[in-house]
Amino acid sequence: MTIQLFGKLVRLLMKERMAYRADFILSAFAQIISYAGDYIVIWLFIEQFHNLAGWTWPEIAFLYSIGLFSYAIGASFSFVQMRELEGQVKQGTFETILIKPVNPYFYFVSRGFNLAYIAHIAISGSVLIWAMIKLGLQWTWLDYVYLILALIGGALIQAGLLTAIGAMSFIWVRTGFLFSLFFRLKDFISYPLPIFGSFVQLLLTVGVPLAFINFYPAAFLLSKEALLIPQWAMWAVPAVGPVCYWISYRFWMYSANKYQGAGG
Amino acid sequence: MITYFMFSVKAFTNQLAYRAEVWLRLLGNFVTILIQVEIWKAVIGSGNVDGVTVEQMITYSVINTLLSALLLNGVSSKVDDSLKSGGIASELVRPLSYPLYLLFDGLGNSIYQLTFTVAPSFLIAWLFFGILPPSSAANFIAFLGALIIALIVSFLLGYFISLLAFWFMNHFALSWTLNGLITVFSGSFLPIWFFPHYWASLAKALPFQYMGYVPATIYLGKMTGTQMWQTLALGMGWIAALLVLVQWLWARAVRRLVIQGG
Amino acid sequence: MDIISVNGITKTYRQYRRFPGLIGSVRSLLTRQYTEETAVRDISFSIREGEAVGYLGPNGAGKSTMIKMMTGILVPTAGEMHILGSVPHEARKMNAQHIGVVFGQRSQLWWDLPVMDSFELHKYIYKISAPTYQNNLKFCMELLSLRDFIHKPVRQLSLGQRMRVEIAMALLHDPKLLFLDEPTIGLDVMAKDQIRQFLRTVNRDKKVTILLTTHDMKDLEEICPRMIVVNKGTLVYDGSVLKLRDRLGDERRVVIDFREEPGTIEFPGLTLLQEEGLRKTYLFARGESTVFELVSRIASQYPVEDASIESEDIESLIRRYYQQLALDDMRNRDIG
Chain A
1 MTIQLFGKLV RLLMKERMAY RADFILSAFA QIISYAGDYI VIWLFIEQFH
51 NLAGWTWPEI AFLYSIGLFS YAIGASFSFV QMRELEGQVK QGTFETILIK
101 PVNPYFYFVS RGFNLAYIAH IAISGSVLIW AMIKLGLQWT WLDYVYLILA
151 LIGGALIQAG LLTAIGAMSF IWVRTGFLFS LFFRLKDFIS YPLPIFGSFV
201 QLLLTVGVPL AFINFYPAAF LLSKEALLIP QWAMWAVPAV GPVCYWISYR
251 FWMYSANKYQ GAGG
Chain B
1001 MITYFMFSVK AFTNQLAYRA EVWLRLLGNF VTILIQVEIW KAVIGSGNVD
1051 GVTVEQMITY SVINTLLSAL LLNGVSSKVD DSLKSGGIAS ELVRPLSYPL
1101 YLLFDGLGNS IYQLTFTVAP SFLIAWLFFG ILPPSSAANF IAFLGALIIA
1151 LIVSFLLGYF ISLLAFWFMN HFALSWTLNG LITVFSGSFL PIWFFPHYWA
1201 SLAKALPFQY MGYVPATIYL GKMTGTQMWQ TLALGMGWIA ALLVLVQWLW
1251 ARAVRRLVIQ GG
Chain C
2001 MDIISVNGIT KTYRQYRRFP GLIGSVRSLL TRQYTEETAV RDISFSIREG
2051 EAVGYLGPNG AGKSTMIKMM TGILVPTAGE MHILGSVPHE ARKMNAQHIG
2101 VVFGQRSQLW WDLPVMDSFE LHKYIYKISA PTYQNNLKFC MELLSLRDFI
2151 HKPVRQLSLG QRMRVEIAMA LLHDPKLLFL DEPTIGLDVM AKDQIRQFLR
2201 TVNRDKKVTI LLTTHDMKDL EEICPRMIVV NKGTLVYDGS VLKLRDRLGD
2251 ERRVVIDFRE EPGTIEFPGL TLLQEEGLRK TYLFARGEST VFELVSRIAS
2301 QYPVEDASIE SEDIESLIRR YYQQLALDDM RNRDIG
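Sequence order for the protein chains is A, B and C.
Oh and the first sequence: position 157 is 157 in the numbering used here, straight run, nothing missing.
Each number in the numbering used here corresponds to the 1-based position in the second sequence with 1000 added.
Each number in the numbering used here corresponds to the 1-based position in the third sequence with 2000 added.
Hints are supplied without guarantee of correctness; some may be wrong.
Using 27 Å as the maximum straight-line C-alpha spacing, the simulated DSSO-like pairs for lysine-lysine come out as follows [stated by the list, open to error]:
| # | chain 1 | residue 1 | chain 2 | residue 2 |
| --- | --- | --- | --- | --- |
| 1 | C | Lys2152 | A | Lys15 |
| 2 | C | Lys2232 | C | Lys2243 |
| 3 | C | Lys2207 | A | Lys15 |
| 4 | C | Lys2192 | C | Lys2207 |
| 5 | A | Lys15 | A | Lys134 |
| 6 | A | Lys186 | B | Lys1041 |
| 7 | B | Lys1041 | A | Lys224 |
To spell it out: a stretch of chain C is covered by chain A in this simulated footprint if at least three of its residues, at any positions, have a beta carbon under 8 Å from a beta carbon of chain A; those stretches are [said to hold, decoys possible]:
| # | segment |
| --- | --- |
| 8 | 2071-2077 |
| 9 | 2094-2105 |
| 10 | 2108-2118 |
Just so you know, the hints here were simulated from the structure itself, not pulled from any lab data.
Ideal Cβ positions, reconstructed from N, Cα and C, are used throughout, including at glycine.
All chains should be built: construct the whole structure from the sequences, respecting the hints.
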């Protein structure tokens, strides 16, 4: 898997999308409406209750947007690919990847690289910038670097978890429900972590590390209380993503090998 | 009628074939309810806000989470599949009503969900979080009526979307838009009584409230007497209006399909 | 040099059971059972560089499984296998560079884009140098007449056109070895013919070793001098078409037009197949006498207008072979 090959793939994927331009734009628009719905509900909620665990509307908008923005990046390399892996394994179309002289994982995720997440990026990026302006942050350049690293780390955590679920296709075959469970769990991080009991906080920190996607980075950047992680360790938060992703990648490759042994 | 009933039985048994999913679904529902419970505990605490207690909000959340497992707006993806595969033509030549087939297929799923996820989830939620009883016998009866209205409205909206897809050919965009509208205006997370005035009147002018807010509010007794029966009557009105709309669209869709040969 | 050597390869699959009916569904919520199925059983053969071999057998004989193992997609349960000198699933990426694969029913093309785009991507995936790419592209374009549709989106191509494109793509990176899984399935006669001619040229001029699975005996006759026959996972024949004919007994079909009704003709090895008035078709199994002796004997005894001798075509030969295998199978079962 080389940069040139990835570039070629992206060019072809864009060309493919542009064959159905109107459809693409309509779909992007609908996704923006749908996510606007999510933002509106939270906004309506804060209108009534003023804050949630001490987090105001722009702060929650900041938190939610980091989650959505990093999801868009991570999912463009994983979600649809992994969701469809089950069907591809069943029908045997996955095998055509194994006859190519490339790393099957990287080829597979790049082949399905999903440009449609541009809608998620547009809405979450806009709200993120709006919230940062509204909050009047006095940031040094280090804070901006931290934010970018946190977004990448968050993307890697989500891509990693989706990849791990997708890998189950090689073993278990039906993965649809694991994906919907993932999205249910992801709902936790639409809200500040401290409103949940300590079991949930622990679960989202060491079990399924969703809190590292947006809560810890946002709490650090907005100087909020983060309970489980001491202040000095906050700098290490963006490193959770690469570790999580690497483990999932190994697991995916291991499962793919196992599938080669067991057969379709 | 027996034929349609058999579609329900078939949809039910199809679902049964997968075991791990039953457990995962229960876990998923538990998570969704837990999130809402914690949020309401955080903002209401032991007192009340506008006369609403945290126990009432917990019950509200449980009803809404479980109701969403029963709703039938998913029918649209089924129509979309057969539209894309071209199977729609063979569905149409069968000697039975396609919409009725869809309805009973969806109901089979709902009955499955009721037995295997909603009932056990209800029990779990009751044990962990506590659920209030219905506020009165009349309200409970009205609640059951509201549930049926919720199912029919959700079916008609999903069916409406799938018919629109005959022209737009983009079911994806239509269903995402519908979901966005349902998220806000069904009041399934934030009850309409907490909406600012303008948003509340908007929500009450739309049919989405019947898919969450109305049944839960009736159950809790936040809506009683004439207002309650009026709301239900209005719901029937929405059903009638949507029925006329989908019948008209259906006739035109079939004609379109015949002309274009699928 | 052996480009493929397969030694005692076995592959078993696990198949999970699902219980039928409503009660069965509830049961599968609780338990999970599986059965093991052997798709390939103790198969050995080797193929030299430059050969063209047909791999055939009835449905479910384990043909695709064998190709998947040779391309490194699946790992054998037991046995040894070397392709291009290495173990396929271990050297999968390295071997892929020198192997072309065409799956008849699994397209590797980009549905909504012009054919050319799929080719270009292939060039990047296999890191093909510009001159090699240009040469091979020209070679395939001419011999498979791709020029008319190379700039059309794949979805607009006919099945025959698509298959030609798939085969061309599999050859762009100069593979030493070409696997084809049912390359002519579902195609019309013209398309089949063109593909067969092309594969013959590729095998003869480019010295590409070809192994193809097929149901179509014509593919064999025109491309592959050697065939390997498998049945229920086991290798049952490996050799030339001629030898198989020998082994099954040399049967000929004799058609005789009589001038008047001859009645029953008694002759060792002769059976009447078909009667259309005075034209009678016989099957003759060669025994002590030759088919010429037969015909001249009949001509001397009966009024014969005309006679023709047809040797059995490969298709009915194979069919007869399968029938015999099934018969053997039944006998073995009776004894065991």
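Hints, one by one, checked against the model:
no., hint, in the structure
1, C:Lys2152 / A:Lys15, "holds, 14 Å"
2, C:Lys2232 / C:Lys2243, "holds, 22 Å"
3, C:Lys2207 / A:Lys15, "violated, 37 Å"
4, C:Lys2192 / C:Lys2207, "holds, 21 Å"
5, A:Lys15 / A:Lys134, "violated, 38 Å"
6, A:Lys186 / B:Lys1041, "holds, 20 Å"
7, B:Lys1041 / A:Lys224, "holds, 20 Å"
8, 2071-2077, "holds (count 5)"
9, 2094-2105, "holds (count 6)"
10, 2108-2118, "holds (count 5)"
The structure does not agree with the numbered hints 3, 5 stated previously, though it agrees with the rest.
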